Amino acid sequence: MTHTTLWLAQIQFFASVGFLLLFLVLELGLAWGLLVLRALAMGQGRVQWLPAYRLWARVFALAVALGFAASVPVLVQTGTLWPGLLARIGEVSAPLLAGLILSSFVFKACFLGGMLFGERRLAPPVHLAMVAMVALGVTVSAFCFLALVSWLQAPTGALMVDGRYALTNLAQVVLNPALLPHGLWLAGLSALSVAFLMMSVSCGQARRNPADVASRGVFRMGLGLAVTGLLVHSLAMLDVVRFAAEHQPAKAAATAALWESGPRADLLVLGWPDEATATNRLGLTWPGRGGGLLAEDGKGHWRGLDQFSGMAPPVALTFWSFRLCVFISLLLALVTLANLWWLYGRRRDLASLPRLWSGLNRGLGLAGWPLLLSALAWVQFGAYPYAVQGTVTLSEVLAPQSGVSLFASGLAWLLCQGLLILGFVQLLRHVAHHGVVPVRRQRRRA
Amino acid sequence: MMQTLSGALGLATHDAAFWMPLILVGLFFLTTVAATILDGFDIGVGCLLAFALPEHRLRMMSLLGPWRDANGFWLFLGLGLLAAAFPTGWSAIMEHLFLPMTLLAMGVLLRTAAFELRLRAPQALQARWVKVFALGSWLMALSHGVLLARLAGAFAPDVATPVLAAVFAGFAFASYAVLGASWLVMREAGPLRPLAAQWGRQAVRWVAAGAVAVSLVLGLANTGVFLKWGREAQWGLIGCVWSSLLIIFVLLEFQLGCLARGSRHLASLPFLLVVCIFLVVMGGVAYSYFPYLVLDNITVWDGAVPTRSLMWVLWAALLGLPVALGFNVWVYWGMLGPVRPAQPPPFIMR
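Keeping their order, the protein sequence lines are chains C and H.
With the first letter of the first sequence counted as 1, position 263 gets the number 263 in my numbering; the numbers rise by one all the way through.
With the first letter of the second sequence counted as 1, position 258 gets the number 258 in my numbering; the numbers rise by one all the way through.
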């Protein structure tokens, strides 16, 4: 029974954090993308960029609103689903949460209104500065969030005393070994999400309106972002795998689906890890190349799942979420290369893209989302059974709730999240097809 | 009182371990009050959407427009402050509040998202998001009632029965409805005003019943609270509180009645009176709870993180305070009065 409740709680938490991240990556990527667009629109004769800025500012505004709305449930659920967690890591989480709240408040209070509602009122350089400050603010908030989440993967800078963490060095807490790989990953995922969204929308615009210059610019920008994002994302995945091998050996073993430790490990590219028999079924292996994913025990043996006496994540889930992430990345890389070839290899115009190809580009607008969710699934479920790597388990911080209430609340959450995602996508399509109608907000007037 | 407290804890009053949690709990209380009142009229208007005619609904939503972003932030601020500064207290409280906090978070999610989606949606889709906004407001109002029932019963399962929770949820709903209605009465001079005053009149008696019920449950279910209020010296205070509450309720009922019949005078008075009621009730609950976060179990000092970590929270609060003051004064300036029409946008050639 506790096993069921534990997994119901985990899935509910995964859904909430995933829902938050969907909008956070768009927010983060678009904040910097908008800074570039706003800077491009500065100066004489470059106003054709302004409509593009306005359209993406609308998408950004929606992402900010939904991201903020989604952050309250995540905060609440850290308390209602995992009530024991903050009691144990409170000393570490306090400065990071304070930084998160302060930065998001300051950025919202001082700059966001000016950016979204003041474009026609403010002098262009002032507005550009506002956009820059918003980009900075979003990044600082995301950094605090990331620092806390990555500290859970690699708890440094604090000591466990009487079942609670005591802060010893805040710099070490913030700059924990998991920060760089996971930060890079978030940056790459965020660039990819925004890149494919930009390509999708501008591809449709160029098709409907062949004379539109800005949509081609946005497409090229998206393409550049996709290339950068893919590079950063691949680098980050290599780094994350190295990090897991070093700090989370059980996750590494589950990702490689290595059941028995030994001097030789084959790389299982595809297959079905069967936990009941502790073997892999239907394997497509690459003999002898499994070492890249795995941890070594110092005697030249690769550490397999037999070494963790049950304190290992669910193997199939960890294995497949990682593979899914890799496969989606490969698909996105293929589309990016094809687009590059069309635009720069054959020097053809965007509007002349074959119908099917253009349809593919338009359909992949939110392809960053499944990529992100598979990455999150690997990070979160791969850390099982730990809430804080190596010290605090999830089951000891779990709320004393019945399976029924967790199931019912989880279902209600999924309904809410599904409704809002549908609403977001619907509005996105509307904006992409019909452009934006200005939304105004005047303080004290209505 | 501070001397007694610091003596009981064995700390000097100038010791950081003594005053830091105290300052932060004060800030937390202020944020909670702001969230209840400022986010509260917002919730109230949202609750009343269900009773309004379709042609009034969009007007009610657009009246909220200028404040919505500021209103919605208070709850996040309060929750974040509690989680950051008082993690032990947070854990102990949250463990008992699964249902109300889940409803609350769901309400926040739906309300915040629906408002923004409606603002930017094409006209054909707006009615749907108004409904979602109303649903979120209902969830929030009801969850506050359940929350209050749990808090007043000090999480004891025999006191916090489903019946009590349901009754309190009804009271909370009525309270937010009155707050929202009196805010509408104050802001809107058009045909919406008598309607809003009428809604307020219908709900106000339930608010009075709720205020009495909260104090009764809080006092009778918790010996500590009963003793605290029942001390000899407090009878004067109690008398003052209840007689002023009675006067406020009578005035409120009378003024709402006048406004419902079409009077145009003192339209801001009901809102101010309702704010007074909220302040008195919340002040009473806070006074009963202090210095505990979990009644008779975890004090403010037990619940807080050690000073070396708390210091960072305090610094963040100190840095944020001037921004918060400036921003909120700027946003809420001129709210206590009828709404002014929106200005047409300036025509600029660039």
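Just so you know, these hints were derived from the structure itself, not from any lab.
Every value quoted in this text rests on a predicted model; they were computed, and no experiment measured them.
Be a bit skeptical, because a hint or two may be false.
With the C-beta cut set under 8 Å, the calculated list includes, among others, these residues of chain C facing chain H [what the hints assert, rightly or not]: (1) ALA69; (2) ALA70; (3) SER93; (4) LEU97; (5) LYS108; (6) LEU167; (7) ARG207; (8) PRO400; (9) CYS416.
Cβ-Cβ distance ranges computed for the label pairs, FRET-style [unchecked claim]: (10) HIS265/H - ARG445/C: 15 to 25 Å; (11) GLU296/C - GLY7/H: 41 to 51 Å; (12) PRO162/H - ASN209/C: 22 to 32 Å; (13) ALA286/H - ARG445/C: 28 to 38 Å; (14) PRO400/C - ASN328/H: 36 to 46 Å.
Glycine included, C-beta positions come from ideal geometry on N, C-alpha and C.
Hint check results:
no.	hint	in the structure
1	ALA69	4 Å, holds
2	ALA70	7 Å, holds
3	SER93	6 Å, holds
4	LEU97	4 Å, holds
5	LYS108	7 Å, holds
6	LEU167	5 Å, holds
7	ARG207	22 Å, violated
8	PRO400	7 Å, holds
9	CYS416	6 Å, holds
10	HIS265/H - ARG445/C: 15 to 25 Å	23 Å, holds
11	GLU296/C - GLY7/H: 41 to 51 Å	59 Å, violated
12	PRO162/H - ASN209/C: 22 to 32 Å	59 Å, violated
13	ALA286/H - ARG445/C: 28 to 38 Å	35 Å, holds
14	PRO400/C - ASN328/H: 36 to 46 Å	39 Å, holds
In the structure shown, a violation is registered for the earlier hints numbered 7, 11 and 12, in ascending order.
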